[in-house]
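Asker: Combine both chains into one complex, guided by the hints.
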Amino acid sequence: MTEIAWVEGTQDTSALVQIKGIREGLLVTVGDGAWDDIHRALLQHLDQQAGFLRGARLALDVGNHILKAADLGQLSKEFADRQLTLWAVLSSSPTTERSAQSFGLATRLGGRPRIERGVAPLDTALHGGESAVLVRRTLRSGFSLEHAGHVVIIGDVNPGAQVVASGNVVVWGRLRGLVHAGAEGDEKAVVCALDLSPTQLRIAGQIALAPKRRGKPQPEMARIINGQVVAEPWVPKREKL
Amino acid sequence: MTGKVVTVTSGKGGVGKTTATANVGAALAQFGDKVVCIDADIGLRNLDVVLGLENRIVYDLVDVVEGRCRLRQAMIRDKRLPELYLIPAAQTRDKSAVSPSDMVRLCDELRPEFDWIMIDSPAGIERGFRNAIAPADVVLVVTNPEVSAVRDADRIIGLIESEEKGPARLVVNRIKPDMVRRGDMLAVEDVLELLAIELVGMIPDDEMVLTSSNRGTPVALDGKSKAGQAFRNIARRLRGEDVPFLSMDNEGGFLGKLVRRIRAGGD
Chain V
1 MTEIAWVEGT
11 QDTSALVQIK
21 GIREGLLVTV
31 GDGAWDDIHR
41 ALLQHLDQQA
51 GFLRGARLAL
61 DVGNHILKAA
71 DLGQLSKEFA
81 DRQLTLWAVL
91 SSSPTTERSA
101 QSFGLATRLG
111 GRPRIERGVA
121 PLDTALHGGE
131 SAVLVRRTLR
141 SGFSLEHAGH
151 VVIIGDVNPG
161 AQVVASGNVV
171 VWGRLRGLVH
181 AGAEGDEKAV
191 VCALDLSPTQ
201 LRIAGQIALA
211 PKRRGKPQPE
221 MARIINGQVV
231 AEPWVPKREK
241 L
Chain D
1001 MTGKVVTVTS
1011 GKGGVGKTTA
1021 TANVGAALAQ
1031 FGDKVVCIDA
1041 DIGLRNLDVV
1051 LGLENRIVYD
1061 LVDVVEGRCR
1071 LRQAMIRDKR
1081 LPELYLIPAA
1091 QTRDKSAVSP
1101 SDMVRLCDEL
1111 RPEFDWIMID
1121 SPAGIERGFR
1131 NAIAPADVVL
1141 VVTNPEVSAV
1151 RDADRIIGLI
1161 ESEEKGPARL
1171 VVNRIKPDMV
1181 RRGDMLAVED
1191 VLELLAIELV
1201 GMIPDDEMVL
1211 TSSNRGTPVA
1221 LDGKSKAGQA
1231 FRNIARRLRG
1241 EDVPFLSMDN
1251 EGGFLGKLVR
1261 RIRAGGD
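Residue numbers (the working numbering), protein chains in the order written: chain V, 1 to 241; chain D, 1001 to 1267.
It should be emphasised that the hints constitute simulated quantities derived from the structure, not laboratory data.
A portion of the hints provided could be inaccurate.
Straight-line Cα separation of at most 20 Å, EDC-like style, residue types lysine to aspartate or glutamate; simulated pairs [stated by the list, open to error]:
id	chain 1	residue 1	chain 2	residue 2
1	V	K20	D	D1102
2	V	K216	D	E1193
3	D	K1012	D	D1190
4	V	K212	D	D1184
5	V	K212	D	E1146
6	V	K216	D	D1190
With the rest of the complex left out, here is chain D (with noise of 0.2 Å):
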């Protein structure tokens, strides 16, 4: 086996990486595939809040890089998805505690264990993001439909590119149809023409993540949630099938309607 590390970013803050991290690693686990989560949010963890596994924290990624325990130690077993591992940030520490050299190794090491390492990456684009994206064989950007978001998704792919990483992915996270329609947001395909890289996932604004991540179950588990849906297309493509993207209206459609929809906009 030898595991792909996927890892999530985006510049800005709050645009839903921890979230997007928590939920594509519980979809592909519960696809079978054998995935661990690593959060290098280092100072100011939070994937192990979003997953529900805070109170399991013994040891963290500072422990296994300085030594202090075996990797095997620092991995938390999510109880409802046996195949999903969690390494915990420390959260006394800050970004230098960790080298991106010491990552690169770290994800070498987990590589033959498992199909998947998911990397969530803290914002900004110093230390923690070097140390995130260096081990990347993927690296998911996540934005918002907003023009801010936007731009630093920008920046960041460009920080991808010059460091020779990626392919870089887009997901769109928190997307209001009603406002899009009203044209009071900016619509998927606006997001796409300025970023040019391939989108990967569309989520919908949907309160349920909200509740899902404050009660510590990952939504994508939620088979009624739209987002979860979206969460779990997410990794499905990632495991290289072909799913065409959920329609952002409630009408049903499928890319060839997203396809059109960038035609008609584009006069």
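Looking at chain V on its own, in the form it has when it is part of the complex (with noise of 0.2 Å):
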């Protein structure tokens, strides 16, 4: 690492600070050397910029340097001065990623909420204080769906999918993927689905595979009796959950 010397009064900060355009907005890369160096170098160059940073959204690489919460918090603060949202510090040192995020700052980009990574629940209230989520589409390989509450999906779940929930699973369509109900321990919960063939399904603590389906899919639904996971067809008169 080369020794920066800094004397007061140096325009040239390009070589310490580097803002690029990303998908998210602004990227601020930071070079190596003493922090407080730096810090001085980037509040420069950001001042330099004004006209052109206003009101930017703003995420900050600082590589390897340390930051506390305080610098963070300092730092923040500056930013706001001028008229800059920081939302984002990224770092290769896990102390800087847990300072950042206490402050509640990202430290990834393209922290927004892909569908991929799940579906935004859709916080629908019952009574009872029982949360459901209603999915209406297909949960195809990759995707997973987390939920602390019921799950309704409307749609097929195919394999390589995941579904888990604190409650109860209901799929209107064939279940082939992974499928974890009472996954905070609720022994009650059960799994339905027009097609119950997943590649495994969990109860709570218990875990079962679903045997190769002979015949025709029908209506099923699992649950937990005597300890075990037990499928067994859908029929309308036996209704005693």
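Answerer: Given below as structure tokens:
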């Protein structure tokens, strides 16, 4: 690492601070060196570019610098003073990442939740404070849907997709991925599907593999009976949940 | 003229993306449309070989993006099909040399001059794939009738949907009717049932595909090959024609037969 001599009044900060446009806004990258110098160069650079930057959302890549919560707090305030929003701090140091997270700053770009990472729960308050999410699409391989409550899916759950719910899971379609109902330990949770052939089915702490299906698919409900996951065809009459 | 951007992708490698790009591109050009094929598999270029244009490469995609040449200079014109052009990938760089917005800009520049812009995507779901689908109007998802390829295709279709690209259309490549009949290979109906997108092509397994790829002559230009016929049919469907699907058995038959087989296989 080269020693960077800082002389007050030096105008060229471009070696230490670089700003470039990214999909999420602007990314500010700082170089190596003592943090105090970098910090000063950064502020100077921001001031020089004030006209261009005003109102911008900035992500800051601090590289290897280790920043404490206090440093980030100060930085955040200094950004705000310049009418800039600091929304993310990228760092290869776990300490800095933790500090950033404690400030509610993102530590990764592309942080806006992508649909493939899961489907935003539609909070529907039910009587008794239980919540359910209704998903009206097919979950394809690689999709993961997690929800603290019940999950209802109108569509298929394909192999490679997974559904994790603390409550019940109902699939109006073919369930062929991984499903976990009662994920927080609720042994009364059930899994229902029009075609129940998951790669793996879990209820609370029990794990079951679906047996090879014989014949025509029919609606089934799986639940724990005497400590074992049992799947039974849905018979309208026998309704005692 | 506003060209359509067709991206050919699959997730899994080796299922026939490059072959499909070359053949559908060649078939479209044979029907008289103006076509440019772009190889987006930077670092592992193949499309030039399959099209037999390898020895004519001077500039490539990365040269265009980085401004070392004009777009025109990187376009290689196929001597057999005057309406077919290729923009080859760079072999000495990697996917990060191009960004999704570069691809969008490039295609916007090509759209006024071409009917079709075919993009050959690399395998995987990383940068190269993102580059390839960024400008897409239509995405052809190529898969083989085997479980792992179908699983990857499913993932890819999910990604395409979440990027709001598409519509995604399915090409099932390398079907072996004998194996399907014996129950040793997934039938097209099984693949369709899982992926639930529109089918645009069924390509039978055909040794001619390999030999013509090696020779650098797309099999679609061969009137006798069944696979070539299937690729030409994809091109016609892309052009909006309603073309019945080739029967995978040797008895002749139509889409109705496929539908009947779906029904028969459903119980």
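Asker: Determine for every hint whether it applies to the structure shown.
Answerer: Results of checking the hints against the structure:
1. Our distance criterion of 20 Å between C-alpha atoms is met by K20 of chain V and D1102 of chain D, whose separation comes to about 16 Å.
2. Proposed proximity of K216 of chain V and E1193 of chain D is supported: the alpha carbons are some 15 Å apart, at most 20 Å.
3. Of the supplied pair hints, the one linking K1012 of chain D and D1190 of chain D holds, its CA atoms being roughly 18 Å apart against a limit of 20 Å.
4. A C-alpha spacing of about 17 Å is found between K212 of chain V and D1184 of chain D, which places the hinted pair at or below 20 Å, so the restraint holds.
5. Restraint check: the Cα-Cα separation between K212 of chain V and E1146 of chain D comes to about 19 Å, which is no more than 20 Å; the hinted pair holds.
6. For the hint linking K216 of chain V to D1190 of chain D, the alpha-carbon distance of about 15 Å falls within 20 Å, and the restraint holds.
Going through the hint list in order, the structure satisfies each hint without exception.
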